[in-house]
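Enquirer: What follows is each chain in one-letter form.
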Amino acid sequence: MFDVWPPALIMVAGAILIGLLRGHWRTLLVLGTPLLSLWAIWQIPDGVAATVTFLEYPIEPIEGSPLRRLFATIFALMAFGGGLYAFRQAKWYELAAAYTYAAGAIGVSFAGDLITFFLYWELMALFSTVVVWCGGTPGSRAAGIRYAIMHLLGGVILKVGIEGVAVHTGSIDVQPMLASNFDTWMILIGILINAAAPPVSAWLSDAYPESSPTGSVFLSAFTTKTAVLALILLFPGEPVLVGVGLFMVMYGIIYALLENDVRRILAYSIVNQVGFMVCAVGIGTQMALNGAAAHAFAHILYKALLFMSAGAVIYRTGFSKCTDLGGLFRTMPLTAVCGIIGALAISGFPLTSGFTTKTMISQAAADESLVFVYFMLAAASAGVFLHAGIKFPWFVFFQKDSGLRPKDAPWNMAAAMVLLSVLCILLGVFPNLLYAYLPYPVEYVPYTAGKVLFYLQLLLFSGLAFFLLLPLMKRTLTISLDSDWLWRVLLYRIARTIYTTGASIGIALQTRIGKFLDALRKRAGGHFGTQLSRAGVFARAWSIGTTALWIAVLLTAYVLFYLV
Amino acid sequence: MNDDNLHWLVRPATIRKLWWAFSIVLALTVVAQFIIYVKGYFGVDGWFGFGAVFGFLSCLAMVLFAKALGVFLKRDEDYYTAQDDAEDGKGDGDV
Numbered sequence: 006m007f008d009v010w011p012p013a014l015i016m017v018a019g020a021i022l023i024g025l026l027r028g029h030w031r032t033l034l035v036l037g038t039p040l041l042s043l044w045a046i047w048q049i050p051d052g053v054a055a056t057v058t059f060l061e062y063p064i065e066p067i068e069g070s071p072l073r074r075l076f077a078t079i080f081a082l083m084a085f086g087g088g089l090y091a092f093r094q095a096k097w098y099e100l101a102a103a104y105t106y107a108a109g110a111i112g113v114s115f116a117g118d119l120i121t122f123f124l125y126w127e128l129m130a131l132f133s134t135v136v137v138w139c140g141g142t143p144g145s146r147a148a149g150i151r152y153a154i155m156h157l158l159g160g161v162i163l164k165v166g167i168e169g170v171a172v173h174t175g176s177i178d179v180q181p182m183l184a185s186n187f188d189t190w191m192i193l194i195g196i197l198i199n200a201a202a203p204p205v206s207a208w209l210s211d212a213y214p215e216s217s218p219t220g221s222v223f224l225s226a227f228t229t230k231t232a233v234l235a236l237i238l239l240f241p242g243e244p245v246l247v248g249v250g251l252f253m254v255m256y257g258i259i260y261a262l263l264e265n266d267v268r269r270i271l272a273y274s275i276v277n278q279v280g281f282m283v284c285a286v287g288i289g290t291q292m293a294l295n296g297a298a299a300h301a302f303a304h305i306l307y308k309a310l311l312f313m314s315a316g317a318v319i320y321r322t323g324f325s326k327c328t329d330l331g332g333l334f335r336t337m338p339l340t341a342v343c344g345i346i347g348a349l350a351i352s353g354f355p356l357t358s359g360f361t362t363k364t365m366i367s368q369a370a371a372d373e374s375l376v377f378v379y380f381m382l383a384a385a386s387a388g389v390f391l392h393a394g395i396k397f398p399w400f401v402f403f404q405k406d407s408g409l410r411p412k413d414a415p416w417n418m419a420a421a422m423v424l425l426s427v428l429c430i431l432l433g434v435f436p437n438l439l440y441a442y443l444p445y446p447v448e449y450v451p452y453t454a455g456k457v458l459f460y461l462q463l464l465l466f467s468g469l470a471f472f473l474l475l476p477l478m479k480r481t482l483t484i485s486l487d488s489d490w491l492w493r494v495l496l497y498r499i500a501r502t503i504y505t506t507g508a509s510i511g512i513a514l515q516t517r518i519g520k521f522l523d524a525l526r527k528r529a530g531g532h533f534g535t536q537l538s539r540a541g542v543f544a545r546a547w548s549i550g551t552t553a554l555w556i557a558v559l560l561t562a563y564v565l566f567y568l569v
Numbered sequence: 003m004n005d006d007n008l009h010w011l012v013r014p015a016t017i018r019k020l021w022w023a024f025s026i027v028l029a030l031t032v033v034a035q036f037i038i039y040v041k042g043y044f045g046v047d048g049w050f051g052f053g054a055v056f057g058f059l060s061c062l063a064m065v066l067f068a069k070a071l072g073v074f075l076k077r078d079e080d081y082y083t084a085q086d087d088a089e090d091g092k093g094d095g096d097v
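In the order they appear, the protein sequences are chains F and D.
Mind the numbering: the first sequence is residues 6 to 569 in our numbering, read in order.
Mind the numbering: the second sequence is residues 3 to 97 in our numbering, read in order.
Be aware that a few hints might be false.
[Stated by the list, open to error] Only part of the chain D face toward chain F is listed, based on derived beta-carbon distances under 7 Å:
1. T31
2. C61
3. A68
4. A70
5. R77
[Said to hold, decoys possible] Derived CB-CB ranges, DEER-like:
6. F/W97 with D/T83: 26 to 32 Å
7. D/L71 with F/G144: 43 to 49 Å
8. F/I21 with D/L30: 53 to 59 Å
9. D/D80 with F/L473: 28 to 34 Å
10. D/F36 with F/E448: 27 to 33 Å
11. D/D80 with F/I512: 32 to 38 Å
12. F/D178 with D/L71: 40 to 46 Å
13. F/F377 with D/A70: 21 to 27 Å
14. F/T506 with D/V55: 53 to 59 Å
15. D/A29 with F/T336: 32 to 38 Å
16. D/A23 with F/P415: 23 to 29 Å
17. D/Y39 with F/K405: 41 to 47 Å
[As the list claims (entries may be wrong)] Reference listing, derived: stretches of chain F covered by chain D, where coverage requires no fewer than 3 residues with Cβ under 8 Å from a Cβ of chain D:
18. 376-383
19. 452-458
20. 464-471
Everything labelled a hint here was simulated from the structure, so no lab data went into it.
Even glycine gets a Cβ: it sits at the ideal position worked out from N, Cα and C.
Between the sequences and the hints, there should be enough to build the whole structure, so can you do that?
Expert: Following this line, the structure appears as structure tokens:
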């Protein structure tokens, strides 16, 4: 049936085997599976590689294109990096869940039809929830449930859209569309929920920081970037996305500035970075889509690197708040250096992968004469340096001396961080390594003296602003209300009110009916009054129901026996 | 611990030197615009020192905006758990 090995199924098979193997065999499996999957990804030719008919729908589980291969490649690379980072520290079921989650992301990358797309999409939702739960604390349990509700809701909305498109157009192909009717809007909203777009961005910063130090590395990579890929495939040039993206960019910065928890700062900056990509998809030119794809690729590497650095700190110290941390550069120099490289890359410093990819998006905005977008993105670039580029390393590794003297990261965590640091710089110094694999031909030249100088001014003076405004940035032991307040508090209060009102109405009714029945009984006289008063109204109804159920069961059994 | 004498990186003298070095680099990035032409896509962004001023001011604006927003949005860390305990009374987690 398949001329090619399906890379997603290789990951699923690997994930299943993780639980069965022990010791070195498991290590080999954890590190080998993503590489095998990566090999399979590069065997997939352009175009539809396999078609299966299911319920008269042509299912195309594998469709190759440069864009799809690019995303699948980074997902497989990330699974490898995450596996290397986690395999000695994470529980086997966390690794298995994370690999299945990665399989979902790779599967979505190659989905040629909306049904396959949806199945892998839900696979991601399910197993990312398990990864959140692997945090193992009451907080992660609760956050995981909220996360699951949000993603299942998103899935339902997506499904409504897909079914609408299938019924009304007769085609389930993954192909560009515009949000022009109810069906396509539903698909767009379903995808945007996964991209952490407003008003539900809060799911991301709620759930990711509750996972284990290793789990958040996996979580940072797949869900939002799969959503970016889905947007590129389905909604290139959708004008709504420009505004949505710009909002996400600013939202991420402002909330990250207010935040005290290290991983929550990084979580908000995911929203910020994905905002750049969403905005680029909205611009929709070849340059912009190249920029979105390239930025997603680079972003996965440096964001995972930042989460690895934060994870190593949390693993060694047990603390995750800026107010508890500080001065760790003394004993965790490698983690500090890798964290700083990640921070420079996310800020788009020249010679890092952030510079060679993010500036493509700004260039696309400039080419289209989108003045407002261009200046917002420039301000946001400065803001990224402020909230992630300096704030993260400063509060964790410098700031004050917290007195903590933890050991540096374990060797496998260190190896993963060094690997990603090297990649971040490699793509910054030799951008053509990445440009060669972008969906459209690249004529963009990232390194011109003027552009480098402009960004150096922009970034270094935001650095100056950071240190001058440091008194204003003093961390406090607080959280900031986000849109999740709507469902964690407001919706909860409404539900409680409805519940308590309903309950009191119920009780009132019950007493009324009871009185009414008493009156009836008295009127009927003493013939069967004794039994009635003993059985009670509800108990009697229940016993009849049970009897009916048993009769139904016996009848079914009888019919089954008769037929067999 | 081992900190009778401070790590060289956090000694006041080093920090003073770092500030000097940083200031010189900042000045250089602006002065360099005499030599290096910065292409402005929309006119203003080609102005002398535009990147520096824009970067600084947008950061200032964002920090102040965040600070102002924080007045309304900041809550105690146990806001969500405390609220559950208060309203629930049964203590069945903070779902």
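Enquirer: Determine for every hint whether it applies to the structure shown.
Expert: To see whether the hints hold, each was checked on the structure:
1. T31: Nearest chain F Cβ about 5 Å off; hint holds.
2. C61: Since the shortest Cβ distance to chain F is 4 Å, the answer is holds.
3. A68: Since the shortest Cβ distance to chain F is 4 Å, the answer is holds.
4. A70: Given a least distance of 10 Å, the restraint on D/A70 is violated.
5. R77: holds, 6 Å
6. F/W97 with D/T83: 26 to 32 Å: holds, 31 Å
7. D/L71 with F/G144: 43 to 49 Å: Violated - the Cβ-Cβ distance for D/L71 and F/G144, about 25 Å, lies outside 43 to 49 Å.
8. F/I21 with D/L30: 53 to 59 Å: holds, 57 Å
9. D/D80 with F/L473: 28 to 34 Å: For D/D80 and F/L473 the Cβ distance comes to about 33 Å; the hint holds.
10. D/F36 with F/E448: 27 to 33 Å: At 30 Å between Cβs, range holds.
11. D/D80 with F/I512: 32 to 38 Å: The hint (32 to 38 Å, Cβ to Cβ) holds, given that D/D80 and F/I512 are roughly 34 Å apart.
12. F/D178 with D/L71: 40 to 46 Å: For D/L71 against F/D178, whose Cβ atoms are near 44 Å apart, the range 40 to 46 Å holds.
13. F/F377 with D/A70: 21 to 27 Å: holds, 22 Å
14. F/T506 with D/V55: 53 to 59 Å: For F/T506 and D/V55 the Cβ distance comes to about 58 Å; the hint holds.
15. D/A29 with F/T336: 32 to 38 Å: holds, 35 Å
16. D/A23 with F/P415: 23 to 29 Å: violated, 34 Å
17. D/Y39 with F/K405: 41 to 47 Å: holds, 43 Å
18. 376-383: holds (count 4)
19. 452-458: holds (count 5)
20. 464-471: holds (count 8)
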